[in-house]
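Student: These protein sequences, in sequence, are chains A and B.
Sequence positions in the first sequence follow the numbering used here and run 1 to 385.
Sequence positions in the second sequence follow the numbering used here and run 1 to 293.
By construction, these hints were calculated from the structure, which means they are not laboratory data.
From the three backbone atoms N, C-alpha and C, an ideal C-beta is built for every residue, glycine too.
You may find that some hints are simply not true.
As the list claims (entries may be wrong) - Derived list of chain B stretches under chain A, where covered just means 3 residues or more per stretch with a C-beta under 8 Å from a C-beta of chain A:
hint	region
1	71–80
2	88–94
What the hints assert, rightly or not - In silico negatives: residues of chain A with every beta carbon more than 12 Å from chain B:
hint	residue
3	G43
4	K71
5	R206
6	V208
7	N209
8	L237
9	Y347
Claimed, not checked - Straight-line alpha carbon distances no greater than 20 Å define the calculated SDA-like cross-link-like pairs of lysine to any residue that follow:
hint	chain 1	residue 1	chain 2	residue 2
10	A	K53	B	D261
11	A	K255	B	G263
12	A	K255	B	S129
13	A	K274	B	H133
14	A	K274	B	S128
15	A	K274	B	G117
16	A	K185	B	V131
17	A	K197	A	D207
18	A	K134	A	K53
19	A	K299	A	K134
20	A	K274	B	N110
21	A	K53	B	F116
22	A	K274	B	F116
23	A	K364	A	A343
24	A	K53	B	F139
25	A	K53	B	S128
26	A	K255	B	F116
27	A	K53	B	Y127
28	A	K274	B	D261
29	A	K53	B	I119
30	A	K274	B	L115
31	A	K374	B	S129
32	A	K274	B	R130
33	A	K274	B	G263
34	A	K255	B	H133
35	A	K185	B	F139
36	A	K255	B	S136
So you can see what is in the structure, the chains are spelled out below.
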Amino acid sequence: MKTSLRIPLLVTSLTGCVLAISSVSSPAADNLIKIGALLPSSGPGSYFGVQDKQGVELALDQLKSGVNGYKFDVHYEDSACSPLPATQAAKRLLDQYQPDVVIGEECSDATLAVMPLMDRAKIPLLNAGSSSIKITDPGNPYTFRIMPNEVMQGVDLAINAYKRLNAKTAVLLHENTNAGIGNAKVFAETFEKLGGKILEDIGFGRDVNDFTAIATRIAGLGNIDVIPTYTLEGQGLKITEALTQAGIVKGGGGKAIQLGAIWLPFGFEQKAGKAAIGYIRIVQFDPTEQRPVVRDFIKDFKAKFNTDPTHLNAHAYDQIMLIADVVKRGAKDAQSIRDGLSATKDYPGVTGSVQFDKSNQNIKMDTVHYMETKPDLSWESLKWN
Amino acid sequence: MLTVILQQGINGIVMGGLYVLVALGLTLIYGVLVQINFAHADIVTLGAFAAYFIAQLLSGNYFLGIAVAILVGGVLGWLINAAIFTPLREQRSELLPLIATIGVSIMLQNAMLLLFGPIPYAFNTPYSSRVIHIGSLFFTLQNLLIILVSTATIALLYAFMKFTFLGKALRAVSQDRDTAALMGINPNSLIMLTFIIASALAGMSGALLGPVLVLTPFAGTSVIVKAFAIVIIGGFGNVEGTIIAGLIVGLIESYTTQFLDPGWIDIAVFALLLIMLAVRPTGLIAEKRAENV
Chain A
1 MKTSLRIPLL VTSLTGCVLA ISSVSSPAAD NLIKIGALLP SSGPGSYFGV
51 QDKQGVELAL DQLKSGVNGY KFDVHYEDSA CSPLPATQAA KRLLDQYQPD
101 VVIGEECSDA TLAVMPLMDR AKIPLLNAGS SSIKITDPGN PYTFRIMPNE
151 VMQGVDLAIN AYKRLNAKTA VLLHENTNAG IGNAKVFAET FEKLGGKILE
201 DIGFGRDVND FTAIATRIAG LGNIDVIPTY TLEGQGLKIT EALTQAGIVK
251 GGGGKAIQLG AIWLPFGFEQ KAGKAAIGYI RIVQFDPTEQ RPVVRDFIKD
301 FKAKFNTDPT HLNAHAYDQI MLIADVVKRG AKDAQSIRDG LSATKDYPGV
351 TGSVQFDKSN QNIKMDTVHY METKPDLSWE SLKWN
Chain B
1 MLTVILQQGI NGIVMGGLYV LVALGLTLIY GVLVQINFAH ADIVTLGAFA
51 AYFIAQLLSG NYFLGIAVAI LVGGVLGWLI NAAIFTPLRE QRSELLPLIA
101 TIGVSIMLQN AMLLLFGPIP YAFNTPYSSR VIHIGSLFFT LQNLLIILVS
151 TATIALLYAF MKFTFLGKAL RAVSQDRDTA ALMGINPNSL IMLTFIIASA
201 LAGMSGALLG PVLVLTPFAG TSVIVKAFAI VIIGGFGNVE GTIIAGLIVG
251 LIESYTTQFL DPGWIDIAVF ALLLIMLAVR PTGLIAEKRA ENV
C-alpha cells in the first residue's frame with residue numbers, strides 16, 4: 001500500500017474507532033440527566049450549600065432506580081453566594097460538566113450574575129432561594145424560580161403587618177444587596193400605600209458585626225410596631241440579640257415585632273434564644289403541614305440524617321424532584337426540561353405547589369408560610385395563607 | 001440626644017477596645033519584623049472557636065475558654081514563626097513571608113471550614129445576655145468585660161514594653177535589630193517572643209470577639225481589614241498609636257451609624273486612612289526605627 005493512502009486510511013480507522021467507542025458510551029450518557037448545582041459552600045452564605053446538599057442527596061436516594069429509564073447525576077460547584085465566584089463556577093460547570101439543567105444559586109446577586117450564562121448556553125436554571133424580583137422580571141426564558149419572589153413576600157408581609165398586626169410604624173433593616181434592598185423597598189411601598197409609616201430604612205454591609213450601634217439608633221426612634229429584617233443568619237442573630245438588649249423587641253421586653261422573610265434557616269430560634277420570642281417570619285416550608293408529601297419528606301429526612309429538615313433541605317429536595325417530574329413527563333435534554341418546567345401545573349412540592357407564569361415565576365402563594373416564635377422557642381404556624 | 005451620644009460612645013469604646021486587641025498583635029509583629037502577618041485574622045477566629053468549645057461545650061467556664069484561647073494563639077504564633085518566618089527571614093525577602101502568611105491564612109480557614117462547618121455558631125456567654133441599665137444607658141456584662149479585659153491587657157502590655165528588660169529589648173530590636181544584637185540581645189528569641197505574645201493577644205481577642213462576631217471560620221477576616229487600617233492610622237509598629245487609632249475607629253463606627261448610615265462606616269474609616277496616608281504617612285505616632293533615621 002502506498003504511503004499516501006496509508007495515512008488517510010489510518011486517520012479514517014482511528015476516527016471510526018473513536019466514533020465506535022463514543023457510540024458505545026452514548027446510551028449511558030443519553031440515559032443520564034446531568035444536574036449542575038451552583039451552591040455556596042464557602043463564605044457567609046455557606047450554610048445554604050450544606051443544607052441544600054442534604055436535600056439533594058435525599059432526592060437522589062429516592063431517584064436511584066431512575067425515571068423513564070433516566071438516572072440522575074449531580075455535580076456541585078461552590079458559587080459562594082457572590083457574583084464573581086458564582087460566574088466562575090457557572091463557567092466551569094458549563095464547560096466541563098455540560099449539565100442538562102442547573103439548580104441554584106441561593107443569593108440573588110449570584111443568581112443574577114449566572115443567569116445570562118445559562119441563557120446563552122440554553123441550559124435551564126431552576127432557582128429556589130433567591131428573592132430579587134429582577135430574576136424573573138424581566139428574567140430570561142431559561143430561568144425558573146419556585147420560591148415566592150420579593151414582591152410576593154414583601155407585599156404579603158406588609159399587608160399582614162398592617163391588617164393583622166395593626167402595625168402603623170416600621171423600621172426597615174436590610175443588608176445592602178439586591179435582595180436586601182429590593183425586599184425592604186417592596187415592604188415600604190406597600191406599607192406606606194396602606195397608611196403605615198416607615199420611620200427609618202437602615203442598610204448595612206455584610207462585614208458589620210456589632211449591631212449595638214444600630215439598635216441604639218432604633219431605640220431613639222420612638223414607637224415602633226414592626227421591624228422587617230432582611231439579612232443572612234449570622235447577622236440576623238446579632239441583630240435580634242442587639243434589638244433585645246436595647247429593649248426594643250418582645251424578647252427584650254419591648255413591643256416591636258421583628259418580621260422576616262425566607263432568609264433565615266430553621267434552628268435560628270434555638271441559637272437566638274429568648275431574643276427570638278415573638279419573631280414572625282415567612283418560611284418556605286411548614287413542618288406542621290399534614291400533606292402526605294410533607295410528612296413523607298420529614299420521615300425520610302429524619303431517617304437519613306437523624307435531624308429535622310429545614311426549608312433549605314426542603315427547597316433543594318423540591319428542585320430535584322421537580323426535575324424528575326419533568327423527566328417523567330417526557331423531558332430528556334436541556335430544551336425539553338425547559339419546556340417541561342414551563343408547562344408545570346400544580347406540582348405538589350414539599351414547600352408548596354408549583355406553577356410558573358410567563359416570566360417563569362412560581363405563582364402559588366401556598367409556598368408562603370408564616371411562623372411565630374413562642375416563649376418556649378417552638379413555632380406556631382399562623383396559617384395566614 | 002445626650003443619652004444617644006453617650007450610648008454610642010459606649011458602643012464605640014467597646015468595639016474600639018476589641019479592634020485594639022486585634023491590631024496590637026499586628027503592630028507588635030510589624031514593629032519587630034517589619035512584616036505583615038495575614039494569618040493573624042485566622043488566629044483570632046481559632047481563639048474564638050477554642051473559647052466557644054471550652055466555654056459552651058466542656059466546662060461552661062468562659063474564663064477558662066479565654067485562657068485556652070490565649071494558649072492556642074500563643075502556640076500557633078510559635079508554630080507560624082518557626083515554620084515560616086524563621087526559615088524565610090534568612091532569604092531577606094519581604095515578599096516571601098507575606099505570601100506565606102496568606103497561604104497559612106487560606107489553609108487555616110479551610111481547615112476550620114472542614115472542622116467546624118460553615119453554619120454560624122451562637123456563642124453566648126453567661127455575660128452576653130445580661131444587660132445593665134444605668135438611666136437610659138445600657139450595656140451588656142460582656143461589653144463591660146471587653147472594656148475591662150482590653151484595658152488591663154493594654155496596661156500590662158504597655159508596662160511590659162516600658163519597664164521590663166524584655167520589653168526594652170523588644171523595642172531595641174524593633175528600632176535596630178543589628179545594633180541590638182551587638183548589645184548582646186538575641187533577636188531571634190525576641191522575634192519568637194513577639195510572635196507568641198502577638199498571637200496570644202489574637203487568641204484572646206477572638207475569645208472576647210466570639211460572642212460579638214458572627215462566629216464562622218471566616219469571622220476574623222471581617223475585623224482584620226479594620227485592624228490593618230488601625231495599624232496604619234496609629235503608626236506602623238507603634239503601640240500607643242494603635243490604641244488611640246482603635247478607639248477612634250470604634251467611635252467613628254458608632255457615630256457614623258447614628259448620624260449618617262451604617263453603609264457609610266467603611267467610607268468614613270478608610271477616608272481617614274487615606275487622609276492619614278496623605279497628610280501624616282507615619283501615622284498618629286511615628287515609631288523610631290533604623291530605616292527612618
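Student: Would you mind marking each hint as holding or not holding in the structure?
Tutor: Here is how each hint holds up against the structure:
no. : hint               : result
1   : 71–80              : violated (count 0)
2   : 88–94              : violated (count 0)
3   : G43                : violated, 6 Å
4   : K71                : holds, 30 Å
5   : R206               : violated, 8 Å
6   : V208               : violated, 6 Å
7   : N209               : violated, 5 Å
8   : L237               : violated, 6 Å
9   : Y347               : holds, 30 Å
10  : A/K53 with B/D261  : violated, 37 Å
11  : A/K255 with B/G263 : violated, 27 Å
12  : A/K255 with B/S129 : holds, 19 Å
13  : A/K274 with B/H133 : holds, 18 Å
14  : A/K274 with B/S128 : holds, 12 Å
15  : A/K274 with B/G117 : violated, 25 Å
16  : A/K185 with B/V131 : violated, 33 Å
17  : A/K197 with A/D207 : violated, 29 Å
18  : A/K134 with A/K53  : violated, 26 Å
19  : A/K299 with A/K134 : violated, 36 Å
20  : A/K274 with B/N110 : violated, 33 Å
21  : A/K53 with B/F116  : holds, 17 Å
22  : A/K274 with B/F116 : violated, 25 Å
23  : A/K364 with A/A343 : holds, 14 Å
24  : A/K53 with B/F139  : violated, 40 Å
25  : A/K53 with B/S128  : violated, 33 Å
26  : A/K255 with B/F116 : violated, 36 Å
27  : A/K53 with B/Y127  : violated, 36 Å
28  : A/K274 with B/D261 : violated, 28 Å
29  : A/K53 with B/I119  : holds, 14 Å
30  : A/K274 with B/L115 : violated, 28 Å
31  : A/K374 with B/S129 : holds, 19 Å
32  : A/K274 with B/R130 : holds, 12 Å
33  : A/K274 with B/G263 : violated, 29 Å
34  : A/K255 with B/H133 : holds, 18 Å
35  : A/K185 with B/F139 : violated, 32 Å
36  : A/K255 with B/S136 : holds, 17 Å
Violated hints, listed in ascending order, are 1, 2, 3, 5, 6, 7, 8, 10, 11, 15, 16, 17, 18, 19, 20, 22, 24, 25, 26, 27, 28, 30, 33 and 35; each of the other numbered hints is respected by the structure.
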